[in-house]
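S.K.: Each residue of the sequence shown is one higher than the one before, counting from 1 in our numbering.
Please keep in mind that the hints were generated in silico from the structure rather than gathered at the bench.
As the structure is a prediction and not an experimental result, all values here were calculated from the model.
Where a beta carbon is used, it is the ideal one built from N, C-alpha and C, also for glycine.
Treat the hints loosely; a few may be bogus.
[To be verified] Each computed EDC-like pair below joins lysine to aspartate or glutamate, with the alpha-carbon atoms no more than 20 Å apart: (1) 209 with 621; (2) 104 with 208; (3) 365 with 270.
[To be verified] Beta-carbon label-pair distances, calculated as ranges: (4) 908 with 365: 56 to 66 Å; (5) 1081 with 271: 54 to 64 Å; (6) 540 with 419: 31 to 41 Å; (7) 905 with 609: 40 to 50 Å; (8) 36 with 540: 41 to 51 Å; (9) 679 with 189: 37 to 47 Å; (10) 296 with 354: 32 to 42 Å; (11) 622 with 365: 53 to 63 Å; (12) 402 with 271: 39 to 49 Å.
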Amino acid sequence: IKLISIKLKEAALDSPTFRTGVNYFNSQIDHTEQWIEGLLKSLRKYPQQFNDFKEVNNVLFNQLIPDFLKDGLINQDNSSSILDTSKTNLSSLWEGNLKLLDVKETEIVQLLTDLQRTHLKHYREIRKNFEFFQNKFDSLLSKYSSQSKTKEPSALREDAFQLFEVRKSYLNASLEICVEISKLHQSLDSCLVELAELLFKDKDSFDEKYFEKVKAWSGAVADSVSTLLGDMIQSKNQIEDATISQFAPSRDLIQHNPALINPNTLTDPDPENPDDKSYEKHGWLFMKTTVGKPARQIWVRRWVFVKSGIFGLFSIAPSKNFVQETDKIGVLLSNIRYAPDEDRRFCFEIKTIDATIIFQAENLKELKSWLRVFSLEKQRAIENSDSEAGEYAFGRYPPLLYEFASTSLTSVDLELTTSRAENTRNDDSQTTVVSSYLSQLVGGNENLDFRYSGSAGEFQEPDINTPITTKMSKCAILAHAFLDSTVIPTAVTANIWGSVNWGMYYVSDSSVQPNNKAKAIQSRENNLGSLSKAERYPHYYPQHLKNYDVQLKALFDTGIPKEELVVTHFSCLWSLNPKQELSGRCFVTTQNCYFYLNSTGFVALLKKPLVELVAVDVTVEKDWDTLKVYDIEGLNMKGRIFLDDGRLIQKKIDLLINNLAKDKPKPQSEIIPLLESIESEELQKSERKQSLRRKDGADITPPLNSELQSFQPFSGVVSHNKSMKTNYYNEFDQSTVKTLDAPAKAVFHMLFGDHSSILREAITFLIHDEFITTPWYQNGSELTRNITFKMRLSKKLVSIRDSDGSVTSGYIQSIEDFVDGKYYRIREQRIPVKLASGDSIQLIKKYVIIEVDARTSKLFIFSKVAHTQSSYKSFLASFIKSSTKRLVKDEDKLIIDSVANSIQRLGSHGKVIKAIRTYGNLSKAEGKYTEPNTSMFEFTFNMMLNFYLKRFFYVFAAGILEFSKLFFSGCFRLIKALSMNKLILLLLGISVFFNIFLSGRSTVSFWTAKRAEHLVKDFAHELSINKMERSIYLNDLDALSGFNFNESSECFDKFMSSKIRDDSGSQTDSRFREARHQLAVKRNELLVELKILEKVEKELVAGSWKNFLLSELHLCKVSLDDM
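Sequences are here, hints too, so could you generate the full structure?
M.R.: Shown next as structure tokens:
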């Protein structure tokens, strides 16, 4: 459910409806305070005047029958006793009347004084603050708008920001007064309920039970308001922040300089939102006009709107407590242009055939927005002449009701407000729109002031709280009895909803997809010229329902078809969630439930199709009735009813739900008398109950009436109402009985509905694709249908060829008797089977469904196998008959189980409706029933052999499964029956499990490591065999470490020298130098290591060299010695 804070939205817009609404509420508070003052004044005088009245009456009684009459002046036997009796009775009567006139003035005075000193005083303070900022904002806005175009842009910008600061304060005061009005509404309600109880308590006519319900209702509403106040304050803060950001002026001086405006670009898209194509706009504009004689030029504020090819004006009535309207004019009858010649800034001109209107926007952004919307709407009306924008763009539409027409005396208002207009449509047909008086339409008298009377002609005064209340809100509701719905704003909807019909933007409609909702609503007829008195309602429609139908049409407007009428209604508190409730009203038609919720300034509209509902349940509690609404998925909505009869509402809605479940639902003209009869019966029952209580002083429960037969499972059949027999044990061989947790009607549709497959799935060897069912035919006093199907019986166990092996069979079902909702008896006859022995047998079944109570029923299934043709009783026939009985028994058990499982899937509520929608109705065919021409099929020896072989294997497999089941269950019982400590066994089992697990892991880890070790050794051996080596000696160093470039190139030398010298190069050069530097550092490290290796090698060479020299010297020495 989408909650709309309409009062806060209108306050943020500062719309005419908001201003008139708070003014009208303030006038009502003035009247309330005057009433309280007068009442307190009278109550303070009442005790003394009441005592004086009692003294006068005591004197009168003493003088009424003087004592001297008994001194022999009259007959002492008769006359004296008559006088004494009369005096005694008159005294007791007088004392009783005096007790009724006794008033608890002290408590009442305290109650009203507290209301004055707390709630009303606080409201007055907030109202004073609101008026101060409203007057300040209006005067500053008027002064700012009248600034000359030649003023410095910087000064204009400062004025705009000054106005913005005042606007923020005014916005805060507007939202605050909305919150306070919501609080004061609840305080007044609670105070008046308590006042009523103080006035009537302890009186003979005091209905304590009724007042307890009223107090419970008042307390529940107070709790709901206290819960929603937090949400309202949060919504207030969000709306305030969003509005402030929207109205913040621009700091760009160009936006404040009219001299820089280019008229050619005013209708261009907003650069910040180029894809925005808005065809609708609402807001305040200053309008140039004249008043008086001689004419004096003034600028006045008017609320202007553009929508659906039409623009119009709203104004505040001279009394300042309701909204008025001028004519609505098609955009194609007007020419819109920027008006740079005006003395004021940001002006544009709308020129029509009859008038020229100059409007002034507040700033450049608003000016562009208005001109673009007009341009786009004119373009759309031209391109789509068949659309609603194109249809109404060439017309002029005066206010249909004089009560809502503008009464302003300015020259432009007078030109724009007419009472008659001739329009030409696209098909060249002429239409005339003429204004009328609502009072004349209602009561036939133009001077009838029905706004303050209890009734208005054939209509009662509306008793519903509108989203926003002005002086003309009740008249606006009543106007919907004569006006067709439209999405175009009018003064009628403005006095109910505000500047736009917020309900149609946020209505929760489960029957329309979210993305198509706006389209569905917009596509409805927007008739601005229809106002008729004749034949608005059909002749059968009750008078008392007309008032509520008008309320429904006023609230849902284009969201409800014209021909859909209210058939019942009730007020309640709907539970949004476990913590929140909203008070509202439910309007019920033959197709939908419409919920209107209104609490603490939050409004919600909800449309729920009755076809989606399955049941309504009521729980009677001490001070209220709890109403639960269920759909297919379960509980959908829940509410509390305090002052209406919950049982009566349940019966009415159940009747409507059941009616839609029929193949041919009853029309509205037949449903309304049924609902009226239900209400009459409940009223008579209630009166009878009250009379019995008064007579016997006891709470006597009236006898229960039979259920209203609101739904027949098929049309054209009358219940026979015979004795509901269930004992057929003597006529049949075997039976199966089951008590089911579902009504009898639900079980009946589950078994025999058009979409039911329970009986079909229970047939053994059935081929499901070959199942044909006929509709139900009238066959004498019974209803009969034929069912034909195929069974696969003769297919061999092992076959080379793929043969079908199917046989055709069927059965005939006949409804012998029923009492709708309570008792059903159906006979079923299978096609006879001819056996190989020549015998013929036939299966006959009977289904009996009977109601146990409103929620449960019993299902009886009787069956027998009869011999239809038998010259002698053969052993084969007896054997097949006994086998068939076992199969039928299994079949009946399967049926029972399937029904029970299906009931569980239906849920706990609305089982009848769910069963009908899931398993279908019973379709009845017109025409005469003809007996089916079906011949019995032969159960041959080959079929029998295959059948029983399959049966044997089936039983054998089932036996093995059963044996396995018994074996394992025996083992389990054996373990369970062991006497040793179960905990020790468990720990032992866990220990064994972990030992096995850890041993396995250790073993796996050992062998994994072993394999890895072998793998590494093999790899190392391979490396040692296939090893490659390279040696570098000292004489190779220069060749390997030298600079591998062409050193003789002068160009390369220039490049290297420039890179070295250039320290302020580009980023690329910087990366190059950094890379070379890193390479140089690395080279240094390598050179150090190389030097170390070189030194080691030199020492090695030097050592070897010394050894070589020593060896050579030794050899030389030896040679010399030898010589």
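S.K.: Does the beta carbon distance between residue 908 and residue 365 stay inside 56 to 66 Å, or does it fall outside?
M.R.: Cβ of residue 908 to Cβ of residue 365: about 59 Å, so the range 56 to 66 Å holds.
S.K.: Between the alpha carbons of residue 365 and residue 270, is the straight-line distance 20 Å or under?
M.R.: 9 Å, holds
S.K.: Mind checking the alpha carbons of residue 209 and residue 621 for me, to see if they're no more than 20 Å apart?
M.R.: Roughly 12 Å separates the two Cα atoms, so the pair holds.
S.K.: Verify the CB-CB distance for residue 540 and residue 419 against the hinted window 31 to 41 Å.
M.R.: 36 Å, holds
S.K.: Falls inside 39 to 49 Å, the C-beta gap from residue 402 to residue 271?
M.R.: Hint holds: Cβ distance 47 Å, inside 39 to 49 Å.
S.K.: With 53 to 63 Å as the target window, see if residue 622 and residue 365 comply at their CB atoms.
M.R.: 60 Å, holds
S.K.: Do the beta carbons of residue 36 and residue 540 sit within 41 to 51 Å of each other?
M.R.: Given about 47 Å between the Cβ atoms, the range holds.
S.K.: Between residue 296 and residue 354, does the C-beta distance stay in 32 to 42 Å?
M.R.: With a Cβ separation near 22 Å, residue 296 and residue 354 fall outside 32 to 42 Å, so the hint is violated.
S.K.: Given a hint of 54 to 64 Å, does the C-beta separation of residue 1081 and residue 271 actually sit inside it?
M.R.: For residue 1081 and residue 271 the Cβ distance comes to about 56 Å; the hint holds.
S.K.: Hint check: residue 104 vs residue 208, CA-CA at most 20 Å. Holds or violated?
M.R.: Within the cut-off at roughly 17 Å; holds.
S.K.: For the range 37 to 47 Å, tell me whether the beta carbons of residue 679 and residue 189 fit it or not.
M.R.: Because 28 Å falls outside the window, the suggested range is violated.
S.K.: Is 40 to 50 Å right for how far apart the beta carbons of residue 905 and residue 609 are?
M.R.: This hint is violated: roughly 23 Å between Cβ atoms.
Hint check: violations occur at hints 7, 9, 10; the rest are consistent with the structure.
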